[in-house]
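*Asks:* Spelled out from the first residue to the last, the chains are:
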Amino acid sequence: MTSPLPAVSARNLTLTLGTPAAPVEILRGIDLDVPTGEICALLGPSGSGKSSLMAVMSGLERASGGTLNVAGADFTMMDEDGLARARRGRIGIVLQAFHLLPTMTALENVATPMELAGEADAQERARQELVAVGLGHRLAHYPTQLSGGEQQRVAIARAIAPRPRLIFADEPTGNLDVATGHEIIELLFARRAETGATLFVITHDPELAERCGRVLTMADGRIASDRRA
Amino acid sequence: MNDNTLTWSQAWRIARRDLNARFRGLRLLVVCLFLGTAALAAIGTLTAAIEGELADRGQVILGGDLEIEVWQRSLNDEERAALAEYGTLSHGTRMQAMAVAGDAAAPVELKAVDTRWPLYGTLMLEGGRTAGAPTGNQAWLAQGAMDRLGISTGDRFRVGGAELVAAGIIADEPDRLSEGFQLGPTVIVAEDVPLRAGLIAPGAMYQSKTRVAFSPDVDPEVVEDELTERFPEAGFDFRSRDRASPGADRFVGRMGEFLTLVGLAALVIAGIGIGGGVTSYLEARRQSIATLKVLGATSADIARIYALQIGAAALAGTMAGLLVGVLVTPALAVALQGLLPVGTGVVIDPLALLLAAGFGLLIALVFAATPLVRARSFPAMALMRARISPLMRDRAALPWMLGGLAAIAVLVLATSREPLLAGGFLLGAAAVFGLLASLGTGIARLSARLPRPANPLVRNALANLHRPGAQTGALVTALGFGLSAFVLLAGIQSAIDGNIQRSVPAQAPDYFVLDVPRDRVTTFETLVRERHPEAEIRTVPALRGAVLAYGPEGAMTRVSELEEIPDGAWALRGERGLTYADALPEGNRLVQGTWWRAGHSGEPLVSVDEEFATAIDLKVGDKITVGVLGVERTARVANLRTIDWESMGFNYVLVFSANTLADAPHNLAATIDLPESGATGPLLRDLVRAFPSSSVIEVGGVLAEARTILGQVGIATFAAASVAVLAGLAVLIGAIAAARAARTNDTVVLRVLGASRGQILLMQLAEYALLAVVLAGVALLLGAGLAWAVITQLFEFDWLPDWGMMVAVLSGGLVFVVAVALAGSLPLLRAKPAQALRAL
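Protein chains in written order, with my numbering: chain L, 1 to 229; chain D, 1 to 840.
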C-alpha cells in the first residue's frame, strides 16, 4: 500500500534545547524525504541526535526551526495538544522500556489509543491484535504479571492496533535478552508487513540495520549518511 | 478520527482503570476530607437536632402556647378574664428566696405553680415517678437544693415563714429551659406558698407568669397583638411556643455557628493535606500521564481523567465523613442530656449534611486545582528524556481556586445568622493562614542562611528544614494553625476564668441581698456590722417598671407604637430595674445637665444613661414616662451620665429623684462587701433568720456556676479545635510519605557509611524536635497574642491567663505531633541498604 505523498518530509529541521543563555543544538538542519511504506534504520553514536530526530518526527517534541510534514500533517505549526491529536491513528510508538500503563490490563493498554481516538470497537480490535502477537491468553494480565518480552509484545500491539501510517521503534530490544530480542524484531517486521506502515527503527545492531531498506546514520545532529541497505 | 476531547464517560472508563479500589495514593485526600466533613456534619447535625427539639417541643419547654409575665404583681381580674377567652390558664410565681434547714441556708429559685401545671409535658421525679403540681406543704426540690441544705426526701425545711416538706427530687422539669438563668436551684411549691411565707408583699421583687394552652387553631402572634392592643400599659412580657427559650435558642445557634467556623478552618487545614496528597499522587503518575500523551491524549483529556479520579476519592471521603458525622451525633447527644434538649436517636438534617458536603468538595476543588492543572502540562517527552526542564508556574488554576474560595465565602455568609461576624472570622482566619504561610517560608529561608552547626544531628535537622522539597511552609501553616488555636482557646478560657476567680471577686461585692424591707434597713445594717464591723454596705431602692413613653414634652413617643426598637435601646424592652437617689451613684459620671439637690420636692426628675439617651435621641429637658405597678409616672430628664458597668455594683439606666417613686411600694436591694478575712457562714445564717423574706446571693456561688458553664463551653470549642490539629497531623503524615523516597536515599547512604539505626532515629528525633520548637514558638506567639487582644481589647478584661495551662496544652499537642512524626518515619529504619541500593 503506497501513497504518492511522502510519509515524512523534512526541510532544514532544527532542534535547540537548553536555556537562551546556554542553548544546545541537537538537530542541525535535517533534510529528509521518506516514502510511505519504507523501513528506515537510524544509527549513530550516543548523543548523535537519533532519538531526538525520532521524537520530532513522531510529534513528541516540537522542532525549533524548519518544516516537517508527517503523513500530510504540518507538525511545525502545532502545539503539544495538536501534536497529541495528530498522533492519534497516524503514529504508533514502541519504546525501549515498554512504558505500559501499570494499572491497566494488556487488553486495556492496547485499547487505550483507540479509545482516545474515539473508536467504537477499540476493545475488539485490541483483542484481535493481542491474539495476533501471540498473547490471546494474557488479555487480563497486568504488566507486572508479564515477562519483558510479553510486555514488549503488548507495546507492539498497542502501537499497531490503531493501524497507524508510521511506526517508530526506539531500541525496541534494548531491555531484552538476545533470543527474546530476535523474536520481538520478527514480530515487529511481520506486523508492519501486514499493515504496510512506514517503520523507523533506532538500533545499535548492524544486522538489524541491514534488514531495513534504508539506513540513516546520524552524527553531531546531522544525517551523516543515507544509503540503501 | 475524533479530534475532540474525551467525553466524561470515556474519560471515566480510562480513569477507573487507574484508580485503586482502596484509593491507594489518594488516601491522604480521603482522610483529610473525611475528618473535615465528619466534624462539620456532626456539628451541623447536632445543632439542627437541638434547634429542632427546641422548635418541636416549644409547648412543653414553655409550658404553654403563650406566656405572659409581669413583675411585682399578679394579673388583675380583667386581664385574667381576657386571657381565659383564648384557652386554659395556669398561673405561677417566680422569685429568689432563701431555703433554710437547721443551720444550712441556700438561695433558691422558688417556683410556685397552680394545680393545672404543667399544661404540657410531665414532671419526673427521681425514682421514675411522675407528678403534677405540689399541694399543701409539699415541695419538689432540685438535687442541688437538697445538697446545699443537707436534707433528704421527707425532711422539713423553711422558706420565709412557711414550713415545707421535701416530698421529691426533681429529675426532669418539663419547662426548665424556658425559666432561663437562675441564681439558685429550683424548689417547686404550691401556688399559695409565697403568700403564706410572707414573700409576696407590696414592693417585693417577684415575677408573675401566666401560661395559656390555646384552643386548636389559635395563633400566638395574633393573641399577642390583641392583648397588647387591649392592655397597652400593662407591661406584659410575652413569650410564645415558637420562641420558648430564646436564650437557649440564641446560645445554640451562636455556638453551632462558631463551631462550624472552627470546623471550616480545620477543613482548610485539611485542604493543605489535600493539595500535598494530590501533588504526590500526580507526580507518581507522571510516567503514566506522559504515556497517555504519547498515545494521543491531549492536556484536556488528562485533566478530565485525573479530575474524575480525584473527584471520586473526594466523594468517597466526603460521604464517609457525612456518615460518621451523623452516627456520632447520638453519642454527643447523650453527653448533652440534661443540659440542652436533644433527642438521642439518629438525626438526618439534609441541609446540614449538604452544607458539610458542599464545604468539603469546595475545599477539595480549591486545593486540588493547582496540582491538577500542572499535571495537564506533563510533557510526553518525559518518557524519553531523563532531564525535563521544570514546568513554568501555570496560572490556569487561579480561576478555579478563587472561584472555590468565593463559593465557600458565599456559603458561609448566606447560611450565617450574623454574616458580619462570620465574615470577620473568615477574614481573620485568612489573615492567620497568610501569616503562618509567610512565617513558614521565612523559617525555611532563615534556616538556609544560618551558620552550619558542628553537631551533625542539629546540622541534619536544620538542613532538612530547607532542603528541596521540604514542606516546612505547609507544616508550619497546618500544624501551626491547630496548635495556635489550642493556645488561643486556652489563653481566652484561662484569662476569663482568672478574671472570674480573681479580678471579679476583687471588684464585686461578696453578697447581693434582695427584698430588704425599707423600714428595717437600720436593723439590717446593724446585724451585718455586728459580725463584720468593717463591712461596706450599700443599699438602693429597688423597683421594676417599663418605659412607656419618651421624648420632648408634647411630642413624646409611646413605646407601644414603635414598629421596632431602635438599635442600642434595649432598655425599652419589657420591665427593668428602677431606682431613685439623692446623689449621683458611685461609679457614675455626669456628662450633661446637673444633679438635683437632696430632698428635691419639685418637678419629678430623672437621670438617664448617656448611651441609652443617644440611642433614642433623648435630651436634657425631655421627658420619660414609666409604668410602675400599673401607675404611670412621668419625669423630666435632668442630666445624662455614663455608667461604669465594671464596678459590679447596682447600676441603673434610669435613676429618679426620690419624689418620683418613693411612694410606690418597694423594698431595698443591698450589697455587702466584707474584708478578706472573716468567715461568711455565720452572717448568712443571721441574715436568713432575721430577714426570712429577703434573698441573699453569695457572689462566690454564682461565679462558681459561671466557671462551670465556661468549662463546658471550653470543652466543646477544644473538641472542634482538635479536628484542626488532627487535620494538621494528616498533613504531617502526608509530608512524610511524600518525602519517603528522598529520606530512604539518605538513610541508605548513611547506613552504608556506618550509621546505626539508633543514630538515624536520633537524627529523626532531632529534626522533629526542631520542627516542634519552631511550632511552639509560632503557636505561643500567635495564640497568646490573639488571646491577649481578645481579652483586653474586645472584652476589656484584665490579662490573667494561666500560662501553665497554655504551655501544658501546647506541649501535649507537640508531643503528639513528634510521636506521630517518629512513627511515620520508623519504616525508614527497616530499609536494608543492599536491597535499596539495587532499586535506586
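Hint data in this document are derived by calculation from the structure and do not stem from the laboratory. The C-beta atom is built at its ideal place from N, Cα and C for all residues, glycine as well. Among the clues, some could well be false.
Unchecked claim - The following label-pair restraints were derived from C-beta to C-beta distances:
1) D:Ser377 <-> L:Arg163: 23 to 33 Å
2) D:Leu354 <-> L:Leu5: 53 to 63 Å
3) D:Arg449 <-> L:Met78: 21 to 31 Å
*Asks:* Next step is simple, just say for each hint if it's right about the structure.
*Replies:* Comparing the hints with the structure gives:
1. D:Ser377 <-> L:Arg163: 23 to 33 Å: Between serine 377 (chain D) and arginine 163 (chain L), where Cβ atoms are some 30 Å apart, the hint holds.
2. D:Leu354 <-> L:Leu5: 53 to 63 Å: 59 Å, holds
3. D:Arg449 <-> L:Met78: 21 to 31 Å: At roughly 46 Å between Cβ atoms, methionine 78 (chain L) and arginine 449 (chain D) fall outside 21 to 31 Å, so the hint is violated.
Against the hints set out earlier in the document, a violation occurs for number 3 only.
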